[in-house]
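Engineer: For chain A, the structure is supplied; the task is to place chains B, C and D on it using the hints.
There are 4 protein chains.
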Amino acid sequence: MRRSEKCLSALERRGVSLDDLIECARFLHGPYEDIKDSTIASVLVDILDKREVANALLCAIELDELCERDLFSDKALQEKIMYDDGLFGVDEVLAYGICNIYGSIALTNFGYIDKVKPGIIGKLNERKEGVCNTFLDDIVGALAASAASRMAHEKGS
Amino acid sequence: MRRSEKCLSALERRGVSLDDLIECARFLHGPYEDIKDSTIASVLVDILDKREVANALLCAIELDELCERDLFSDKALQEKIMYDDGLFGVDEVLAYGICNIYGSIALTNFGYIDKVKPGIIGKLNERKEGVCNTFLDDIVGALAASAASRMAHEKGS
Amino acid sequence: MRRSEKCLSALERRGVSLDDLIECARFLHGPYEDIKDSTIASVLVDILDKREVANALLCAIELDELCERDLFSDKALQEKIMYDDGLFGVDEVLAYGICNIYGSIALTNFGYIDKVKPGIIGKLNERKEGVCNTFLDDIVGALAASAASRMAHEKGS
Amino acid sequence: MRRSEKCLSALERRGVSLDDLIECARFLHGPYEDIKDSTIASVLVDILDKREVANALLCAIELDELCERDLFSDKALQEKIMYDDGLFGVDEVLAYGICNIYGSIALTNFGYIDKVKPGIIGKLNERKEGVCNTFLDDIVGALAASAASRMAHEKGS
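The listed protein sequences correspond, in order, to chains A, B, C and D. With the working numbering, letter number 116 in the first sequence gets 116, and the count goes up by one each step, no holes. With the working numbering, letter number 2 in the second sequence gets 2, and the count goes up by one each step, no holes. With the working numbering, letter number 62 in the third sequence gets 62, and the count goes up by one each step, no holes. With the working numbering, letter number 135 in the fourth sequence gets 135, and the count goes up by one each step, no holes.
In isolation and in its complexed conformation, chain A is listed as follows:
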């Protein structure tokens, strides 16, 4: 199985579709270029095929699920993640691990989308009893930011 397939199926399990990712990437890159969904999709798949991206994403989702399943030994830490403490910081660190690979535009885009929280990012961010998307929402932002950066660089070259 290709890395991107494994990632997309893990995302699907967590309620995030490829269309959701496309919508977020379009939110960032749309103002600069009229671009087809299929083009954005293929950029996203390329990104999800990268080893370091896939590993960060799978780790992030695993962490969210381990929290939901109440399996952390350190319950104070689990609580912090479960309630998405804004000063926690490790969720963004994993996201930057992805963005860095796509250059400075990816990092800037991430900061922006992380504040504005369009589409699925806003939905993931709503608190629901027993559900933890603390790591995932930042990963989705990082994927959209990286895709927008790649498209900006391709348009510019």
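I should point out that these hints are in silico values taken from the structure, not numbers from a laboratory. Mixed in with the good hints there might be a few duds.
Just so you know, same-sequence chains aren't split out, so a pair can sit in one copy or run between any two.
Computed list of lysine-lysine pairs in DSS-like fashion (alpha-carbon distance at most 27 Å, straight line) [unchecked claim]:
hint	residue 1	residue 2
1	Lys-75	Lys-155
2	Lys-80	Lys-36
3	Lys-36	Lys-128
4	Lys-75	Lys-36
5	Lys-36	Lys-123
Structural biologist: Quick look at chains B, C and D alone, frame taken from chain A:
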């Protein structure tokens, strides 16, 4: 002379006052806390006293001025900086050198302020014949983002 | 309980003492300055009191322990971590989250100590059935690198 | 002219040949794989064709040359760069701007090669009256580190 004094005087020479920095930091942190100008000012001065921050800032301003003075050997590179090519990337790299020191909230804040461009950042970004603020506007964003991150962490502790 | 106490007790549980950390920091900074153990210790405690440092460390240790307890849903991912796949990358990403806060000397120091693996880092790196220190050895390297960076900056100022 | 050609000719002007870069990349990746010079060369050319890499490299070389030509307004800053003050930090920040794109192995490799200084990096580091390679030696390290990272990921896939 303290590092912060040297930085503030270089900023002043380039049209950026301490009040401008305070306004940008307040733009980011204001929604979370009612905080006095003097408190923000002292956080900013602390940041400007850091060796790596001061060096990045002074290098950035020097680069802008060397461009304006038409002193680059590589004229194509000078042109790219002069006209703030959005894909250039080195200006953001210097800014991240500052933000990284203040943690992941600083990086997120930077991405946001860099898109919204409030106050002096918007003004620095207006193209004027013979004036180059390509590096400076990102540094100002990085300082505001770092100050907001420090205030968020202090509030939280 | 202070953050540093919680971190030191988690480290102790995983076989890393404050003396081990001091030895690694001395390995990096020793060639530049004759410095007392108690001074290095107090720099390390300061670092462990930082919120983002403590969170990254506790998350890293939790991940190692969750792997050992065989609790990951994604067994392929768990395997990769368990056997410290050199291309995994997420362990270093967490470590950089710490180093970044201590500037560029911390990052350089980390790269060096991560290759040379002195003292406890080498020991953590030895493969033992049922034991996982994939995230921890990078965190120890990051702490030593950050301490050495802080000492270099203090000496220089 | 392709970006890589422009970079290689700027490097040549500063005394760094493609063979020097190959030697540094081999120093890092050689222990893991028997690989031909021509393969390393083509990885390096690919890296030098990336927009953000080329911009960082050209900026770095320009800064070194502007120092040598005594053109900085801020003479204290120029002095610091001219004598490669170990706490300066901005040179490494530019280098990280390159390494980040090639993932965490690139960052680790950079830290290592920056301490050991094999081949041309050691030579660039020798102080010579009127010569400044403060930014360049870190860029060379970053290029070698990035090439070694790419080769490691390709071998692993």
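Engineer: For every hint, state whether the structure bears it out.
Structural biologist: Tested hints:
1. Lys-75 x Lys-155: Intra 47 Å, inter 23 Å, cutoff 27 Å: inter-copy only.
2. Lys-80 x Lys-36: Neither way: Lys-80 and Lys-36 sit 39 Å apart in one copy and 29 Å across, limit 27 Å.
3. Lys-36 x Lys-128: Answer is neither: 34 Å inside a copy and 36 Å across each miss the 27 Å cutoff.
4. Lys-75 x Lys-36: For Lys-75 and Lys-36, neither the intra-copy (45 Å) nor the inter-copy (36 Å) Cα distance is at most 27 Å.
5. Lys-36 x Lys-123: So Lys-36 and Lys-123 pass the 27 Å test inside one copy only (24 Å; across, 34 Å).
When the structure is compared with the earlier hints, violations turn up for hints 2, 3, 4 and for no others.
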